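A.B. asks: Got chain C sorted already, so can you dock chains P, H and V onto it with the hints?
Residue numbers (the numbering used here), protein chains in the order written: chain C, 1 to 250; chain P, 1 to 250; chain H, 1 to 250; chain V, 1 to 250.
No wet-lab data here; the hints were simulated from the structure.
Incorrect hints may appear among the rest.
Identical chains blur together in the list; that is why a pair holds if it fits in one copy or across any two.
Computed list of lysine-lysine pairs in DSSO-like fashion (alpha-carbon distance at most 30 Å, straight line) [to be verified]:
1) K127 to K104
2) K141 to K46
3) K104 to K71
4) K214 to K175
Keep in mind the model is a prediction, meaning the values are calculated, not measured.
Spelled out from the first residue to the last, the chains are:
4 protein chains.
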Amino acid sequence: MVKIIENKLIDAEPLKDAVLIEGLPGIGHVGRVAAEHIVEEFNGEKVLELYCDDFPPQIVVKNDGTIEYMKNEFYLVKEPVPMVIVLGNTQALSPKGQYVLSEKIVDIAMKYGATKTYTLGGFGIGKISDELKVYVASTSKELSEQHKELGAEFRTDGGSIIGAAGLMLKFSKLKGIEGICLMGETPGYLVDPKSAGNVLEMLSKAIGFEIDMKKLDERAKEMEKFIEKVQMQEQGMQAPQHQDDLSYIG
Amino acid sequence: MVKIIENKLIDAEPLKDAVLIEGLPGIGHVGRVAAEHIVEEFNGEKVLELYCDDFPPQIVVKNDGTIEYMKNEFYLVKEPVPMVIVLGNTQALSPKGQYVLSEKIVDIAMKYGATKTYTLGGFGIGKISDELKVYVASTSKELSEQHKELGAEFRTDGGSIIGAAGLMLKFSKLKGIEGICLMGETPGYLVDPKSAGNVLEMLSKAIGFEIDMKKLDERAKEMEKFIEKVQMQEQGMQAPQHQDDLSYIG
Amino acid sequence: MVKIIENKLIDAEPLKDAVLIEGLPGIGHVGRVAAEHIVEEFNGEKVLELYCDDFPPQIVVKNDGTIEYMKNEFYLVKEPVPMVIVLGNTQALSPKGQYVLSEKIVDIAMKYGATKTYTLGGFGIGKISDELKVYVASTSKELSEQHKELGAEFRTDGGSIIGAAGLMLKFSKLKGIEGICLMGETPGYLVDPKSAGNVLEMLSKAIGFEIDMKKLDERAKEMEKFIEKVQMQEQGMQAPQHQDDLSYIG
Amino acid sequence: MVKIIENKLIDAEPLKDAVLIEGLPGIGHVGRVAAEHIVEEFNGEKVLELYCDDFPPQIVVKNDGTIEYMKNEFYLVKEPVPMVIVLGNTQALSPKGQYVLSEKIVDIAMKYGATKTYTLGGFGIGKISDELKVYVASTSKELSEQHKELGAEFRTDGGSIIGAAGLMLKFSKLKGIEGICLMGETPGYLVDPKSAGNVLEMLSKAIGFEIDMKKLDERAKEMEKFIEKVQMQEQGMQAPQHQDDLSYIG
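Isolated chain C, as found in the complex (with noise of 0.2 Å):
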């Protein structure tokens, strides 16, 4: 059993015809810098935090001496289009994780008006390229023929999106509501912002509304500053201990 807490913030208004816009950590975090831009760009409103036994049994450490836990976050945006997007600093740990915690975002954000699924993630392509195209797949034919149309391409690799940005569209589509994914080619960095630029331009096509960039760069930057830090620490850390003893007889 995966225990989810909900630990809602304030009481909002559900959405009219809101967009779910998915941007958790995954490769090049290009679906969270894009998804962070959004929440920036149009003030969005924190309305709710999950915690999950299933995540890294860890909290975070500011640099103020306070504490982050590690949690999924809700976020609406009213103007110019509704908008439930969900950020956070970490995915689920396990397969059953995964899937039970994707189909509890998809629930959660119906109740908050989501009638239309956008999951945003980073396609590693493991070298660098000067043209970095934008993938979708989508729980219909013709929304993904719609969104080509806009410049975005089929994957023809026969491979598969991993975690919360696949199965969200699993479970939008289980529950009644159509879902897309959108990819954004990377080379693999760090911190991608200009895939995560590729992809929220397609985003804004399809959904029709637009988005300063000036500051996507900037803050991309700043979020690679932090797990760049992150990772240096970390390399001067051992294990941890758990236990006294291991020798063996039985």
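C.D. replies: Below, chains P, H and V alone, put in the same frame as chain C:
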């Protein structure tokens, strides 16, 4: 707790005295190729899909921009012999998931009228061989002897049958029906139509049907092309980044 | 949740003041060889089998074409001393499974009349040694001292007893009966009849029975032959292929 | 589901406005050494033991032939300051176990009167250093500032606090009491009494008690000797053999 979702596609009448045939992914995809060939040749009708939160937490992207879930599928064949055929693109990931899913598959098949179980698989020999044997193991000595008379051999390696192909025999027996596993020797190719053909031939003799083998190679080649493409694409990928920070204190 | 299926084979009367003896697989198969020898010499009657979905998800193929489940088995011995003996071809895989199964085994044995628990195991020393000691650890200082007088020694390595051999002592104590673990030093052979003989000798002195050791070596050799054959066969095998596609986006 | 057994040893009266202090195993055993020293110096009374089926599936063998369970222990200290101290020889193994156990520990401590939580741990710096800092992170900015005035510093690495030391802060806050983690820099020794002393000094200033440090080194040396012996013994051990046969077909 392993959660299984049954997605019934068609309200089908149960068959009479049907044979349950399992062809899930495994070594050389021997069982899968054989079972898919039966479905294709005898126009099997897909009646039900199973989803499970112990499957890999992902979805598959198709060439036309649409998506496919990780799933196990039930097909009914009425002629020449009533059969309930189980295909799929995955098996459960954890030991518990393997047990729960294998039991569920036998349960559902029995509701569709199955009174005997055949599981089909490959037996890797790790070397090229001119003659590829077919082995049999079953829930009764009598049954195994019957297949020996048809040309199958007994394994003397003391080894095991891992996954659904093994556990479905156990749950068949516990629920009161007999179970037989046919294993085709395979050098260990990605997809081995020759081994699949051998298993299929043995099965057709055992159950009593004739089947056209002309398209078997062709279908196996398509499956191989797909699986190869996926593997190549994987090599350009990076591992997912689930969390920001992993430094230790405690 | 770990699911355990009890398959009662015979309606047996509980014994009076029986000794529970555990001989599940472990290092050098010391406990297993010793406990199987008791069952064989004293004509133990198999009364119950346990299956568990935390066992390896597989079945074993036998030379005669039939199959064997992964299982733990209960045998009753009435003479010369009442004993409930637990054998098996596996232990549980996960920590939780180990705990749940160890508790269940003690529960069942107590229903069959067990009022004291002996767990038997090997203690790997990683080198050849002329003299192979037998160690004792138990739930009471008094009991351990009694076995010391019979020639057993105390371990001073501060190490642990992993698996059923350790946890069954804990659950015996929590349920109100004493528990003793006898550990035979073993260089770490695949199957070590010499170490098993040492443990058996200590056990017979402690409980008070005489047992013919003539066939011990022979039985250990058969077990070794079987296990070796399995290991050789494994080396020709490939890893299972559970899924088609593992590429990442998210 | 993670199962926790509470073994109450004494019917103790709850304390008034007690401080919960966590000293479970971790890097440099910093928190454990510090917390054990408090228990010893102030004659803490052991009132309760916790067992959990997400602990390592083993028991510990002691020099006198008796055994010890894997456990977390609660001690009450009345003077000079009411304290509920949590020691133990292990932490939970899985993420879920970590979450469930951390919540349970806070629950129990609150029943014993805890109104504030201190978790103690090491912060590995991976190099020798003359000056070993003590860091603080807490559930409120005000609290962290108070400890800064006492000489503690804030971490700026953006990293995490893994395990009970982190999660107990989260559950303290969710249940309405404040939580502070004190982390002593440590080069990463097996057992680091110097770092433990630094943490202890900070804690005594923060809570307001005086403690004799004379025996701290001695106790840390004993713990180190024990842990070293275990590690040496482990190197002579072989991995457990859980099953007979692992060959594949399916």
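A.B. asks: Would you mind marking each hint as holding or not holding in the structure?
C.D. replies: Hint check:
| no. | hint | verdict |
| --- | --- | --- |
| 1 | K127 to K104 | neither (36 Å within a copy, 44 Å between copies) |
| 2 | K141 to K46 | between (34 Å within a copy, 21 Å between copies) |
| 3 | K104 to K71 | both (13 Å within a copy, 20 Å between copies) |
| 4 | K214 to K175 | neither (37 Å within a copy, 42 Å between copies) |
In terms of the numbered hints stated before, the structure departs from hints 1, 4, listed from lowest to highest.
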